[in-house]
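*Asks:* Residue strings, one per chain:
There are 4 protein chains.
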Amino acid sequence: MNKIPVSILGATGMVGQRFVSLLKDHPWFRVVALTGSDRSIGRPYGEACRWVLAGPMPEYARMMTVQPTEPDGESALGFSALPADLARDAEPAYARAGKAICSNASAFRMEADVPLLIPDVNPDHTRLIDAQRRNRGWKGFIVTNPNCTSTGLTMALRPVLDAFGIRRMFAVSLQAVSGAGYPGVASLDILDNVIPYIGGAEEEKVETEPRKMLGQFSDGQITPAAFIASAHTNRVAVSDGHTVCVSLELERKATPEAVRKAMEEFIFPAAVRGLPSLPDRFIEIRGEIDRPQPRKDRDAGHGMTAVVGRIRPDPIFDIKFVVLSHNTIRGAAGGAVLNAELLVAQKYLGA
Amino acid sequence: MNKIPVSILGATGMVGQRFVSLLKDHPWFRVVALTGSDRSIGRPYGEACRWVLAGPMPEYARMMTVQPTEPDGESALGFSALPADLARDAEPAYARAGKAICSNASAFRMEADVPLLIPDVNPDHTRLIDAQRRNRGWKGFIVTNPNCTSTGLTMALRPVLDAFGIRRMFAVSLQAVSGAGYPGVASLDILDNVIPYIGGAEEEKVETEPRKMLGQFSDGQITPAAFIASAHTNRVAVSDGHTVCVSLELERKATPEAVRKAMEEFIFPAAVRGLPSLPDRFIEIRGEIDRPQPRKDRDAGHGMTAVVGRIRPDPIFDIKFVVLSHNTIRGAAGGAVLNAELLVAQKYLGA
Amino acid sequence: MNKIPVSILGATGMVGQRFVSLLKDHPWFRVVALTGSDRSIGRPYGEACRWVLAGPMPEYARMMTVQPTEPDGESALGFSALPADLARDAEPAYARAGKAICSNASAFRMEADVPLLIPDVNPDHTRLIDAQRRNRGWKGFIVTNPNCTSTGLTMALRPVLDAFGIRRMFAVSLQAVSGAGYPGVASLDILDNVIPYIGGAEEEKVETEPRKMLGQFSDGQITPAAFIASAHTNRVAVSDGHTVCVSLELERKATPEAVRKAMEEFIFPAAVRGLPSLPDRFIEIRGEIDRPQPRKDRDAGHGMTAVVGRIRPDPIFDIKFVVLSHNTIRGAAGGAVLNAELLVAQKYLGA
Amino acid sequence: MNKIPVSILGATGMVGQRFVSLLKDHPWFRVVALTGSDRSIGRPYGEACRWVLAGPMPEYARMMTVQPTEPDGESALGFSALPADLARDAEPAYARAGKAICSNASAFRMEADVPLLIPDVNPDHTRLIDAQRRNRGWKGFIVTNPNCTSTGLTMALRPVLDAFGIRRMFAVSLQAVSGAGYPGVASLDILDNVIPYIGGAEEEKVETEPRKMLGQFSDGQITPAAFIASAHTNRVAVSDGHTVCVSLELERKATPEAVRKAMEEFIFPAAVRGLPSLPDRFIEIRGEIDRPQPRKDRDAGHGMTAVVGRIRPDPIFDIKFVVLSHNTIRGAAGGAVLNAELLVAQKYLGA
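Protein chains in written order, with our numbering: chain D, 1 to 351; chain R, 1 to 351; chain H, 1 to 351; chain L, 1 to 351.
Be aware that a few hints might be false.
[Claimed, not checked] What follows is a list of derived Cβ distance ranges for each label pair: (1) R:Pro313 with H:Gly98: 48 to 58 Å; (2) H:Lys3 with R:Glu59: 34 to 44 Å; (3) H:Glu257 with R:Gly55: 21 to 31 Å; (4) D:Glu47 with L:Ser37: 45 to 55 Å; (5) L:Asp89 with D:Arg281: 29 to 39 Å; (6) H:Glu47 with R:Arg133: 35 to 45 Å.
[Stated by the list, open to error] A short list of chain L residues far from chain D (calculated; beta carbon distances all over 12 Å): (7) Lys253; (8) Arg286; (9) Glu288; (10) Pro294.
Hints are computed from structural coordinates only; laboratory data are not their basis. Please read all numbers here as calculations on a predicted model, not as lab measurements. We treat Cβ as the ideally placed atom computed from N, Cα and C, and that holds for glycine.
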């Protein structure tokens, strides 16, 4: 098939760079436009962008001229790494112009007619797209991926909810600095330190996004999963990889072994099988007593697999465990690319 | 008054070094013996000990000869920084020989007739000493201070329990590497990493020790506080200072403001007023949205004050907040020194 | 004596905060004005300033209203923590208005008629002040302290130059992130990383500033010390404390022992004795094979003492060693305060 | 060709783990034995080894039983990750038994008849093998790879020496903690810290090993390169990747541009072309002012390429620059594997 032309919105920031990196040699997509702020527009990407990822900037991007963040003639799809405030105006402009937007921004995540997607968790939520187009009169549409902490957490919850039901969830995160973008967290704030707070209503996101994603689609809308959630979010001196300590009250009692089994035996929904960015395993269970750990486990499944460990009884609720996922791959750019692949497979996008 | 002669058991390790440091120029105590392992015995402390604290080794200790860990003729009190397995035999030997032991080891903490003390939290628990002597036929006795994570946590719970009652508690810790002693945590395990596990049954300690300390003494025994606790404990790349995220279900509803007020207005029990190591403030409340932080707050009250912040409603329980305390000062050696001062004030020790 | 009224220029930045901290309860100075940028002017310092030092903001500063950076009526002396570009205009304005400026900025350091001072190294260089006033027609004047890396390095060189002469010097630094101010270095740039480059012509400063400070004053000008210098400067994951590896070719051969002795026996010049901020020791020699280290040695002499170790023969030149100093105390604000104290002692300032 | 059976000596340590990882699916070698200490012998490698590398332990190794470190019947070659003291006895035992040893240990590196090899730097030094066998009466032989810091440094020196000659070299390293093995450096010694010393005569190694490798083979022996070297070695808070600041006095003057060109145009010697572990580029030059950096550049050429930047004039000597290489890949296990591949290509090994 001919590759689908795509643009990257906000390509010079950290998540934008991950998009540039992940879309190198993508079998279905080819990047035709990189957009940036006024400071960057008109300059070659190789100059305008201070590359902060390990490894070199992909060659294909180096000589592309940074464009303004406006719908271009060529691309059918825009991957958005815009900050929430810019996303609020720019993404609808693309949708009105008939483009699909796969957005990492929080701006539209919780709107009732906007899918908040993890393709292997809730692929049917794309069915909100029809309502969205109708409501808003758009030829195109917006789908979003969740907050980086919600992502791995929701992946771990999916098989547990299906098997045992969930009544209440405590989640305490230890988040990597890359979650704050670049330059983001000042080194003086994190060396030999912990910051027990993350801006942008992080705790509220972690308390609400998983419920939407784990909700039921029917009659053109999502009914959120019914559990109550409480989150504490912390920043720690880790470059990539968010760790979350989770305690769950279940509807039906389950042993740690049964929970482990439910996670391990999770079967990818038919809708996502064969997607190029889908990892071999949805969840990897580590049996060692001190895993998962960000430095050692974040690259599982090329950063697309969630890693779970320490499944054990909880003295107050029923079960506790630790889940880790790569916050700028599965939790951001990689998640959005998988969303786009789902849209192709579901014929929302492409020839 | 004449200073009371004291020894430091296990003086070459990290907590031992904190004792050496804190007892320099202490107004009530003078160090007459430092004990160590076979490798160190007979050597000057200045040679036998690899000093890992910031600042120089105190002069007084440098030329003292390291002794075996056996009751000596001179000291009335032993501060124990022994590992739990050694403490199990050595500390009773001192107690039998008529010495008081203020121990940082976990070996006897949960025994029914051994006080687990934070002087400003439960000074009356020293009344267990009589039962202990009776039960065990010792002339001396053992009192203990809690696990480093339990310490700050219990300090924060005291005023809340008194004012509103506590039904259930979630506690998730982000602990400093110094809690594991020296050499302790390998740098390859913690640089750019989190370890979501701490050995030595840490989670169980955090779930049980606070309940004992907040329990009631009557009829020669302690009835633990009735709340249920669940803990996740994590190691992070911090040198000193344990951070704990706490969620509480209360018996009587309370606003965050009321909880803050209860903490701020905590009045030191009469028993501890005037003790040399008592800080000005039991708890310091930080109003900034991103505090407490270990690097910035661990030295509050010379490492003896617990610092609390982010008191806010909890969606599942009632209240959540963050508490930080210095794990090798208040949470270890400093706590034990304060215990000894209490024993003097209460006439269990001294002329 | 009545305390001299002083202002702090650029008080909200990191070095400004160190000034606020060090001038708390200073016996000779009292702070009457804090200046800041447009964003801060008119607001209470406690609100305008994001306090990044360990420990709380001093009470005296909290309610002071931030002023514009312009000569005020009251202060006789301004401590400048301005960035170099702002300093270029603002500091002369103060000098013209009759104020003394003790500046940490690099703007005027290398001007022929501006003293670049470390009081215990070159107190007589204040004699440039007369020439400066004459040349520029100023009632007041500017004195400067050196770059944070040059400071400790120059302290170590002083006794060696005096005793043995220096022909050539290699210096390779491992610098703390606080040297870049706040927010300064992004955490993603320094976690698990080294940056082998420091902006602002750092290497050139390290190659030239020590030569000026170690130069001779005569006939109203400084003849720089004659040695040649080469520097590599690196940023490492350390909060405070710059480490410098130094190799020296001497004019007269010397053993490591003789160099150590020269450093240890350094006698403070008469001009500085009794200054309130002078540490007990100019240089502290550590005998351990793996010292000095920033975390353990930076607070020597309350951050005002340079710490030297590993003095040994150099296979190419004559001698190599390691020197460490606290970059935001002795290497910045503390150095400037000591400069001001020297000016009082020398009657350039005060009643 | 049939794969050559190999063993890994000291397979449970950190460098041993790198061997296990790099030899997975190697086209020329298959691992038939893993050896370990008494504690490990007889246990499955998957249990005996605490895996500390990122990513999972290769499946092939998991069920292999750890053997004593003695010549086995099957393997033709042993990769040695033994500590120097054990290597001194064990490696000759293998050589006597007719095995080839590719050793990462320092024990025999500087012996006159033992090749110290970087295949793309000095492939002809394997000609020492004949003398070695003759001298020692061994059927097998030992070749060694250099110290991890010497490795990248020597790679950078090779083209410069060839093009311009070298008279004198200053080298100051900032070394990763993995260089000390596991558990190695205690986290309390390196968090927020620098250690300006590395045990095991590191500075002497850096001063002598490059000279041997850059020496001339003739008449059955090596004449070391004639330059003088001085090294300072430091440990920093980096997991992998050694950074070295280098200043060189050349025999023939050269501009930075000419040095860059010499490095970039380096041509692999014929002897190494086609070796499976040879990277695409010997040296990668980074043009950015603040590179190379360990976190961003250590994986260049899968950890087998040295990365050089900041080539600039030196005020004392002629040229200064920074070189970075991966210390446990090119600087240890990867280097030894490349040595073994060279031995195959040169028919010292294999059918």
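*Asks:* Each of the hints needs a verdict: does it hold here or not?
*Replies:* How the hints compare with the structure:
1. At about 57 Å, the CB distance of R:Pro313 to H:Gly98 agrees with the hint of 48 to 58 Å.
2. Distance hint check: the CB atoms of H:Lys3 and R:Glu59 are about 35 Å apart, consistent with the given range 34 to 44 Å.
3. The supplied range of 21 to 31 Å is met by H:Glu257 and R:Gly55, whose beta-carbon atoms lie about 26 Å from each other.
4. For the hinted restraint 45 to 55 Å between D:Glu47 and L:Ser37, the CB-CB distance of approximately 54 Å keeps it satisfied.
5. Here the CB-CB span from L:Asp89 to D:Arg281 is close to 45 Å, at odds with the stated 29 to 39 Å.
6. Our hint of 35 to 45 Å for H:Glu47 and R:Arg133 is violated, since their Cβ atoms are close to 57 Å apart.
7. No Cβ of chain D approaches the Cβ of L:Lys253 within 12 Å, the least distance being about 32 Å, so the stated non-interface status holds.
8. At roughly 9 Å, the least C-beta separation between L:Arg286 and chain D is not larger than 12 Å, which violates its mark as non-interface.
9. With a least beta-carbon separation of about 9 Å from chain D, L:Glu288 fails to lie farther than 12 Å from that chain, contradicting its non-interface assignment.
10. Listed as outside the interface, L:Pro294 is inconsistent with that label: its C-beta sits roughly 10 Å from the nearest C-beta of chain D, within the 12 Å cut-off.
Violated hints for the displayed structure, listed by number in ascending order: 5, 6, 8, 9 and 10.
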